[in-house]
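**Q** Since the structure of chain A is already known, use the hints to place chain B with the ligands on it.
Top line first, the protein sequences correspond to chains A and B.
In this text, residue positions in the first sequence follow full-length UniProt numbering: the first is 1, and each later residue adds one.
In this text, residue positions in the second sequence follow full-length UniProt numbering: the first is 1, and each later residue adds one.
Be aware that a few hints might be false.
The calculated EDC-like cross-link candidates involving lysine to aspartate or glutamate, where the alpha carbons are at most 20 Å apart (straight line), are [claimed, not checked]:
1) A:K577 to A:E564
2) B:K25 to B:E85
3) B:K25 to A:E221
4) A:K371 to A:D383
5) A:K153 to B:D107
6) A:K412 to A:E398
7) A:K460 to A:D471
8) B:K86 to B:D29
9) A:K387 to A:E364
10) A:K387 to A:E401
11) A:K114 to A:D129
12) A:K153 to B:D96
13) A:K532 to A:D48
14) A:K533 to A:E228
15) A:K532 to A:E40
16) A:K475 to A:E519
17) A:K533 to A:D48
18) A:K153 to B:E10
19) B:K11 to A:E221
20) A:K114 to A:E53
21) B:K99 to A:E148
22) B:K110 to B:D29
23) B:K25 to A:E217
24) A:K387 to A:D333
25) A:K256 to A:E552
26) B:K25 to A:D211
27) B:K11 to A:E398
28) A:K463 to A:E565
29) B:K110 to A:E122
30) B:K110 to A:D123
31) B:K110 to A:D121
32) B:K2 to B:E130
33) B:K25 to A:E213
34) A:K153 to B:D108
Just so you know, the hints here were simulated from the structure itself, not pulled from any lab data.
In this text the structure is predicted, and so the values were computed from the model without any measurement.
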Amino acid sequence: MRDRVLRINLTDYSYEVEERPELVEEWIGGVGIAVQLFRESMRDLKADPLSEENVIVFANGPFTLAYPYASKTVAMFKSPLTGELGESHAGGRTATALASAGYTAMVIEGRSDKPVYVVVDEDRVHFRDGRSLRGIRDSLILSRILAEIEGGKGERSIVRAGYGGEKLVRFACVTTETYRHFGRLGLGAVFGSKNLLAVVVRGKKTFRPRDPERYREVYREIYRLGVESDAMKKYHLLGTAENVLPLRELRALPVKNLTENYIECEDISGESLAEHSLGRRIACAHCPTACIHIAVLRQEYENERYFYKTLMISYDYELIYALGSMIGVTRRDDLLRLIHRVETYGLDAISTGVCLAWATEALERGVVSEKETIVRLSFGDADSYLKAIDYLVEQPNEFYEALARGVRFAAKKYGGEEFAIAVAGNEIPGYNTGYANYVGLLIGMRHSHLDNGGYSLDQKQPKLEAREAVDRLVKEEMWRQVLSSLVVCFFARGVFSPELVSRAFEPLGVEMGVDELNEAGRRIYLEKVRLKKEMGYVPSLSDLPERVFEVETPAGVLRRGYFEEALDYYMREYYSKV
Amino acid sequence: MKVLRLADPEKCVGCGLCMFACSRKNARDPRMGIGHAGIRAVSLSGFERGATVIFCHACAEPPCAQVCPTNALRPRKGGGVTYSEKDCLGCRTCVDACKIGAIFGRDDGKIAVCVHCGYCVDFCPHGVLEVVEA
Ligand code: SF4
Ligand code: SF4
Ligand code: SF4
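The shape of chain A in the complex, shown without the other chains (with noise of 0.2 Å):
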């Protein structure tokens, strides 16, 4: 197995390269090596986060270049959102570039005094000079710039962080590959805050299997597994976006800062997305499904008449939520020029529509005056919204510099903590579906609700006992981890069995049986929960805000001891454990 980590420090521009055979071996790959290496690099496990202190960890895993599907790369830090460990996955082509640059992780630690991007080739970090490139506002511009002058066209991938880390807004992040993102928890603050603008990334090493003619056959079998089976079809037709009108439907869908949980929004469903702006589909490296869903946008430019500019905008469920039905945004080209504007900042769109959401109903309900949001926000209206998002990244005044630290930030400052839509200080993903998913929210590894079942546990067994609940989270989790360490895209889910994942192993000369893989989630799972503690995180009712159980879910209005009776299990059986 690949066990080469590359740590690079920023401080004093040195790298060097580690042969870690043990890590590998106990910890999979991704997630699994990431809690351990980031550890190991981070000194203080108090420290600031956008101090020199924070690490950066990105890991891939024994099946990124093998197998289809396996095209995740996982990110580790200490989240500048939460202050809490942060996790966050990205696709595009970051995990298949590194592993071909010959690492399965890569430590980022230390600060530059000056502006830098780093670029790792397959024997070689260099670091280059970064001032000419600081201060472009669309981020789109500085990955087509690297992309010019770095070469590596089809073999390279471009990690970037925009504008918004510039500018250390908390909830900024990480792209790659203009559409794919290190979404969540700030990473791009991180970045940031280190003075770097990129890390690209490049190389075309090629690995061995032990068993060549085994390899080809398991290899054939998942990508027909992919391609054939309904396992992957939801992501193959509209994406995620189509859950939009069956959640809406469910009375699950988050309505103008959860005030309600029914809105006319027919125009921003999957369907209408694919049917009137879908423009092209692509995918993340090794991957057949290509789930990625870019809508055109064509604009009439301003004062001139038949100029038109036409914009490519990627779309899923999550945006559709956040920057559309939270914050009352219902038409089509509103959503997607929400969308681009936060994309060009990038920022976390989660996050950003959840800030709005709260800035507007504070304002609504006068805890800030337009004095503070400087525009008229409302519901529905995008235009207030564009503006927001400007001055959310330039921070023009107090307002603006607090909620760019998150919602939970601002409103502790303002008020209206009730309605700051957001767990432990995250802003949380579009699902009011019922208890599993905010018990998730609540115990979860929160980098997203793909951590955590809940969402469609509520779907399919919305009457589960509290323990049951949690003890099927925890299980559902564990397995994740597993996933989430070799490192495979959690929409692949279905074809990666534990069966199957035993069996892929073996052409790479690995001998992992079910259980030991299930024995390794469980590890993996316990090591990170031991880890999230260290860096203080007790899981509490008080992180849910009011507004959650006021709004009527599929399960009806959420009862508090239900969330009594599950934390209280959750402590007992695990938390304390650890």
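**A** What follows is chain B with the ligands alone, placed relative to chain A:
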């Protein structure tokens, strides 16, 4: 003789499965990675402009073979070239001769070029590639 052709370049999603397939095509020594591939999936200056693939388009009179000092590349019936790995010096003269940039450096210093075997066609999920009779 068969040759690999673009059935419809506009359909390419840039997944690179063809590259992985090409690296894997040698049954005795399949490689995991893209470094042994004679084909590249590239974005068109950023994925917002889409993606396409680059590979040998089977010149009738292959300049790459003409400049190869060791005859590692030889004209192939039906167009394009055959490649004899053991004769290749890794001098990369051929890389410059191919104006469409269809010869790629390999991780071991030698080169990778499409020899029109057609193995990748089965792994392109979107009908971008096809094999036709030259
Ligand atoms: S590699 Fe290039 S020059 Fe050689 S035959 Fe193919 S297209 Fe022509
Ligand atoms: S036809 Fe054969 S040699 Fe050419 S790109 Fe496809 S797999 Fe590679
Ligand atoms: S497999 Fe097909 S769709 Fe994917 S990059 Fe190759 S040609 Fe394009």
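**Q** Determine which of the earlier numbered hints do not hold for this structure and return their numbers in increasing order.
**A** Violated hints: 14, 19, 27; rest satisfied.
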